[in-house]
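A.B. asks: Here the structure of chain A is known, so what remains is to put chain B in place on it, guided by the hints.
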Amino acid sequence: MSQTRTPFRLIQSLEYTGAWLLAILWLSPLIYAFWSAFHPAEYATRFDLMAPLTLENFRTAWDQAPFAQYFLNTFILVSSILLAQLVLCTLAAFAFARIEFHGKSVAFVFVLLQLMIMPEILIVENYTTMSKLNLVDTITGVGLPYMASAFGIFLLRQTFKTIPKELEDAARVEGCSLMEILLKVYVPLARPTYIAYGLVSVSYHWNNFLWPLVITNSVDTRPLTVGLAIFGAPESGVEWSIITAGTLLAVAPLLIAFLLFQRQFVQSFMHAGIK
Amino acid sequence: MMSVYGWLMFMPAATFLIAFTYYPTVATLAKSFYSQGTALRAAEFVGLENFEYMLDDDVFWQVAWNNVIYAAGTIPISIALAIAMALWVNGRLPLKSIARMAYFTPTILPMIAVANIWLFFYTPDIGLIDQFTRLFGIPSHNWLGDPNTVLGCIIVITIWKEAGFFMIFYLAALQSVSPELEEAAKLEGASRWYFFRRVLFQILMPTTLFVLINAVINSFKLVDQLFILTKGGPDNASSLLLYYIYEVAFSFLDQAYASTLTVVLLAVLALIAIGQFVFLDKRVHYQ
Chain A
1 MSQTRTPFRL
11 IQSLEYTGAW
21 LLAILWLSPL
31 IYAFWSAFHP
41 AEYATRFDLM
51 APLTLENFRT
61 AWDQAPFAQY
71 FLNTFILVSS
81 ILLAQLVLCT
91 LAAFAFARIE
101 FHGKSVAFVF
111 VLLQLMIMPE
121 ILIVENYTTM
131 SKLNLVDTIT
141 GVGLPYMASA
151 FGIFLLRQTF
161 KTIPKELEDA
171 ARVEGCSLME
181 ILLKVYVPLA
191 RPTYIAYGLV
201 SVSYHWNNFL
211 WPLVITNSVD
221 TRPLTVGLAI
231 FGAPESGVEW
241 SIITAGTLLA
251 VAPLLIAFLL
261 FQRQFVQSFM
271 HAGIK
Chain B
1 MMSVYGWLMF
11 MPAATFLIAF
21 TYYPTVATLA
31 KSFYSQGTAL
41 RAAEFVGLEN
51 FEYMLDDDVF
61 WQVAWNNVIY
71 AAGTIPISIA
81 LAIAMALWVN
91 GRLPLKSIAR
101 MAYFTPTILP
111 MIAVANIWLF
121 FYTPDIGLID
131 QFTRLFGIPS
141 HNWLGDPNTV
151 LGCIIVITIW
161 KEAGFFMIFY
171 LAALQSVSPE
181 LEEAAKLEGA
191 SRWYFFRRVL
201 FQILMPTTLF
211 VLINAVINSF
221 KLVDQLFILT
231 KGGPDNASSL
241 LLYYIYEVAF
251 SFLDQAYAST
261 LTVVLLAVLA
271 LIAIGQFVFL
281 DKRVHYQ
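Heads up: the protein sequence lines correspond to chains A and B, in order. FYI, in my numbering the residues of the first sequence are 1 to 275. FYI, in my numbering the residues of the second sequence are 1 to 287.
Derived by calculation from the structure, the hints in this document are not laboratory data. Computed from a predicted structure; not experimentally measured. Don't be surprised by glycine CBs; every beta carbon is placed ideally from N, CA and C. Among the hints, a few may not be true.
As the list claims (entries may be wrong) - Here chain B is said to cover these stretches of chain A; the calculated rule only asks that three of the stretch's residues, wherever they fall, bring their Cβ under 8 angstroms from a Cβ of chain B:
id, stretch
1, 22-30
2, 48-59
3, 113-122
4, 142-153
Just chain A, with the same shape it has in the complex:
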């Protein structure tokens, strides 16, 4: 027995070392960003434990680009998309889960199509649509293509289907209308799904880049990612430490939320993924 155990232990400790090396490797870009952002520029590439700490880079970054405006834009964008998604997806999901209507299964297949053909792919044509609607360079224009989400409809439909029908029947006996049943029975019981979907949606749209880049062209509408891309572009000639400081500023809200509610985040992504 002891003969087989020693190599097993050895393999296991090698494996754990590998797991930890990978974890460190995975965190290293972020660690480096912190190093560079909190130290004076001359230490950006020199690693000296005695290097003085500074917040100067953050102040410079904040002054050099309209980050406050970008934050506001991203905030408006992300919350309006989420709000619209919640309303539209709840209604559609309820119809697909609990109401019999003509052409329902065909309609549902069409909805699922959007899981494949996401708005990112259709930037050319959607840009034309937005210019016809006079919505180029507006936050509304950035948000519109994402407001009906096949993923949200699908996720909520699956959840609504698990809710016992007896609850609905009981509510109906009490004299509740269809809308009241949805709002008082289904929505409260689907809370975990709403939280999961909300987290996934917020992190997706906080980070989204290509479509916002295409459709915005002024400081008043640009979300953080687009602002950051312009700020950090090599041709802008901004110093490294200032770019990393700006980058950390841009990711801070999401990163802090993630570190605080790590469990919730991971579970939400899991919940959203296995439905």
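C.D. replies: Just chain B now, kept in the frame of chain A:
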């Protein structure tokens, strides 16, 4: 009567889906048969001319090939890493919740921010990679400026960004595997590798297929890093299909040709969709 309610409730979402998914899909297809209109000359029907032009376009073939390499480079490695990560985090790894956080963090960071940081790793001479390789006497290298290494650099970032995200799905699947299974295998004298290969890997199969589809879609969708790191260069060596579409439509202002290229992308996605329905056990994820 209920039928009316059903449609009424679906209508708001349907309107948006039609306006921003179905209509543009059809319009893209239509536009690919027309020439690019100008102020002087309206767009006219040209049949397959755009497609013929595409087949003669060297850049198209290069970005298509790049995209194949990008997919082949990112998908297997990120899936293998995701499985390893999930097994570690689900097992008895010391301080595993910190490791899980480390693996998952790239998922919630925007690609643009990530590219800003990685740019510094790849910078010649003063970049971190060159500083590290210098310790071993390896001469400095312009990682992003060399057509032979630039796509590899992009692939590494994508793997780093995706693996932790895929880990989540495996983690969810592993949590439904009862621990008795492993105990039983151990009693039977099965090695860990044998147990993984013959039992766990089979159980994880539906998850792998699901992740695989997401990974394939991502390999056509994830192009944000190019905007910061390479702009598709040098000489289109790192350009990908969606990035090329963006360039053609918004830098060269040729919407007709951009639509033609989009049709190729749509065709690829349609193939994936069909493959999914044929090969994938539908009950697993889309019941």
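A.B. asks: Please go over all the hints and tell whether each is borne out by the structure.
C.D. replies: Right, here's what the structure says about each hint:
1. 22-30: holds (count 7)
2. 48-59: violated (count 0)
3. 113-122: It holds: at least three residues are needed, and the stretch 113-122 of chain A offers 9 whose Cβ sits within less than 8 angstroms of chain B.
4. 142-153: holds (count 6)
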